[in-house]
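J.: Protein chains in written order, with the numbering used here: chain A, 1 to 299; chain B, 1 to 313.
Since the hints were made in silico from the structure, they are not lab data. Treat the hints with caution; some may be incorrect.
[Claimed, not checked] Under the rule of at most 25 Å between Cα atoms (straight-line distance), these lysine-lysine pairs were calculated in the DSS-like manner: (1) A:Lys-105 with A:Lys-197; (2) B:Lys-275 with B:Lys-88; (3) A:Lys-208 with A:Lys-105; (4) B:Lys-88 with A:Lys-105; (5) A:Lys-197 with A:Lys-208; (6) B:Lys-88 with A:Lys-21; (7) B:Lys-206 with A:Lys-21; (8) A:Lys-51 with B:Lys-254; (9) B:Lys-254 with B:Lys-88; (10) B:Lys-137 with B:Lys-206.
[Stated by the list, open to error] To give an idea of the interface, some chain B residues facing chain A are shown, with a C-beta separation under 10 Å as derived from the structure: (11) Ile-45; (12) Leu-49; (13) Ala-139; (14) Ile-161; (15) Asp-245; (16) Met-260.
A virtual CB, placed ideally from N, CA and C, is assigned to each residue, including glycine.
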Amino acid sequence: MSISGNEVRRPSRLFRNLSAKIASIPMILTALFVFLGGTLWTVLYSFTNSKLLPRLKFVGLDQYERLWSAPRWLTSIENLLVYGVLSLIFSLVIGFLLAALLDQKIRFEGVFRTIFLYPFALSFVVTGLTWQWILNPDFGVQRLVRNAGWESFTFNPLYDQRIVIYGILIAGLWQGTGLVMCLMLAGLRGIDEDIWKAARVDGIPMWKTYMFIVIPMMRPVFITTLVIIASGIVRLYDLVVAQTSGGPGGASEVPAKYVYDYMFLAQNLGQGFAASTMMLVTVAIVVVPWAYLEFGRRR
Amino acid sequence: MSNPGTLAAAVVGADAFRAPLEGPRGARPRRALSRRNIFLYGTLIVVALYYLVPLYVMIVTSLKGMPEIRLGNIFAPPVEITFEPWVKAWATACTGLNCDGLSRGFWNSVRITVPSVIFSIAVASVNGYALANWRFKGADTFFTILIVGAFIPYQVMIYPIVILLREIGLYGTLWGLIIVHSIFGMPILTLLFRNYFASVPEELFKAARVDGAGFWRIYFVIMLPMALPIFVVAIILQITGIWNDFLFGVIYTKPDTYPMTVQLNNIVNSVQGVKEYNVNMAATILTGLVPLIVYFVSGKLFVRGIAAGAVKG
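All chains should be modelled from the sequences, with the hints used to inform the complete structure.
T.: Given below as C-alpha cells:
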C-alpha cells in the first residue's frame, strides 16, 4: 500500500508544511479570535448587565426585553425594513434595467458605465453630505421648484419625520445602483448569444425573452447580488450619520447606529451587545438559507 | 430581429440551420434616428444626467461665495468664481478646537491608508498562496470561518476588538486601526488571491518544487510576478475601501488622528457657527477626490475589483 508507505516516511505531522502554517497564522488568529471568538463573546455578553465595562453578571434575556421595548430600537428596525425592502427592489430593478439598456450594443457604453458607477467609488459620508445639500429645504430642490412658480411645493424629506427614510433611500440608491448594474451586466454578458438567436427565430418579443428566459437563467447572479445588497443594508450607518445624524427627532435611526451609540456614547454595553446580536440574527436569516442552497447541495 | 428572412429559411432543416447564420454577421445597419435609438439613448442620457447632477452641484456650490448661494439656486453656475472655499476647507476649517482644516484629516488618512493597504495585501496574498498551493490539514476550516465572517455585521465584532487592541496596547493608535483594516480586508482579499493562485497551472508549481524551491522562494520568484494584475485589483479595492471607511476610524482613532471622512463629517455637521455651504462642499469634494481619481484612472480594473467582491470562490 503506497498510502501507508508515505505515512511512515513523514517526519511529523505538525512540522509538515511548516512555512505554510506560519504564513497562515494571521488568518488562523483572525478566524479564531476575531470572527469566531469575537462573535461568541458578544453574544455571551449580551446576556449580562454590562454597563461601562463588560462584566459577566448574567441577567438572562433582560437586555433583549429592554431592547424590544425601546421605542428607538423599534424605529430603527422599522426604518431598516422600509429602507431594506425598497432599496432591494429598486436597486435590483434599476440596476437590471440599466444593464439591459447598456447591453443593446450601444455606442459609448464605457462612458455610460463610468457615469453610473462613479458614485460607488464615493464614501457614504460624501454621499450623505452631498444629498443633504441637494435636499436642503432652503436652497435645494424644494426652493428651486418654488422659485419656478409652484409656491406650495413641499419636498423636504430630511426635516420631515414621516419621510426622512426616503430621503436617505434616494442617496443610498444613487450610490449603490451602479454596482448592481455592473453585476447584472456581467450576468447578461454571460448569457449565450445562441439563446437570443433562438428566441428571435421563435419570434418571441424582446421583453418576453428577458422575463421568461434571460432572468430565470440569471438566477445565480440575482441571488449573489441580493445577498451582497442585503448584507450591506444591515450595515447602514455612515450614510445616516452624515445625512441626518439620526434626526429629525430620531426618526431616521438605524440598528447599527443604536449599537454604536449604546456601546461608545451611552456606556450601556449590554444594550449594544444585545442590539448587535440581533443584527447578527438578521444577517443569518438572509445568509444561511442562501449558503445552504449555494454550497450545501454540492457536498 | 435582425434578418428574419434568412432565419425563417434556416428553420427548414436542422442541418441547414447553421449555414445561413454563417453569412453576414452582426445586426443590420440601422438608421441613426430610429424610434428605438431615440428611446434607448434618451433614457440613458437622462439617467446619466441624474447621476452627474450631484457632482455638478457640489462643484458649482464650492466655487460660489456665500451671498451668491443665499440668493441663487443650487443648480446655477457661479457668477463669480472664487477658490476661497477650497482654501478654507483645506487649511482653516474648524473641527472642535482644531482649526487647521481638512489637511490634517487628509494626512491622517494617507498615514492610515498606505500602511493598511500594504500590510493587508501582504498578509492576504501569502495566505491565499498557502491556501491554494500548500494546503495543510484544517486550512479549509479556517478559510470557511473567514468567509462566513465576512457576512457578520462589523458591529458584532467591534467591541471584542477594542478589548484585544487595549490588551496589546494599540487601542487608539494608528497601528491599531491598520490591524483592524487588515482583519476586515482579509476575507475578500484572501479569496481573491486564493482563486488566482489556484488557477495557476500546477505543473509550474511542481517544477519549482522539483528544482528545490521552497515556500517563500516560489512565492517571491514565481507567484508574485505572475500575480501583478491581481495585486493591482487588490490595491484599488483596498485604497477605496479604507479611504472611505468611517466606522472604524471613528471607533479606533482619537480626534487628533481621525481619518478624513470622520473629520469631514465633524466639519459639516458641527452645530456651532454659521453654516458655510461652499466650504462644506469643497471639503466634501476634497474627501471624495482620492477614490474618484483611483476610479477614473483604473477604469476596468476597478470594476474587476468590485466584481471580485461579488464573485464567490
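J.: All hints are to be evaluated individually against the structure, with a verdict given for each.
T.: Each hint, compared with the structure:
no.: 1; hint: A:Lys-105 with A:Lys-197; verdict: 15 Å, holds
no.: 2; hint: B:Lys-275 with B:Lys-88; verdict: 13 Å, holds
no.: 3; hint: A:Lys-208 with A:Lys-105; verdict: 19 Å, holds
no.: 4; hint: B:Lys-88 with A:Lys-105; verdict: 46 Å, violated
no.: 5; hint: A:Lys-197 with A:Lys-208; verdict: 14 Å, holds
no.: 6; hint: B:Lys-88 with A:Lys-21; verdict: 52 Å, violated
no.: 7; hint: B:Lys-206 with A:Lys-21; verdict: 19 Å, holds
no.: 8; hint: A:Lys-51 with B:Lys-254; verdict: 22 Å, holds
no.: 9; hint: B:Lys-254 with B:Lys-88; verdict: 23 Å, holds
no.: 10; hint: B:Lys-137 with B:Lys-206; verdict: 20 Å, holds
no.: 11; hint: Ile-45; verdict: 9 Å, holds
no.: 12; hint: Leu-49; verdict: 9 Å, holds
no.: 13; hint: Ala-139; verdict: 7 Å, holds
no.: 14; hint: Ile-161; verdict: 6 Å, holds
no.: 15; hint: Asp-245; verdict: 8 Å, holds
no.: 16; hint: Met-260; verdict: 9 Å, holds
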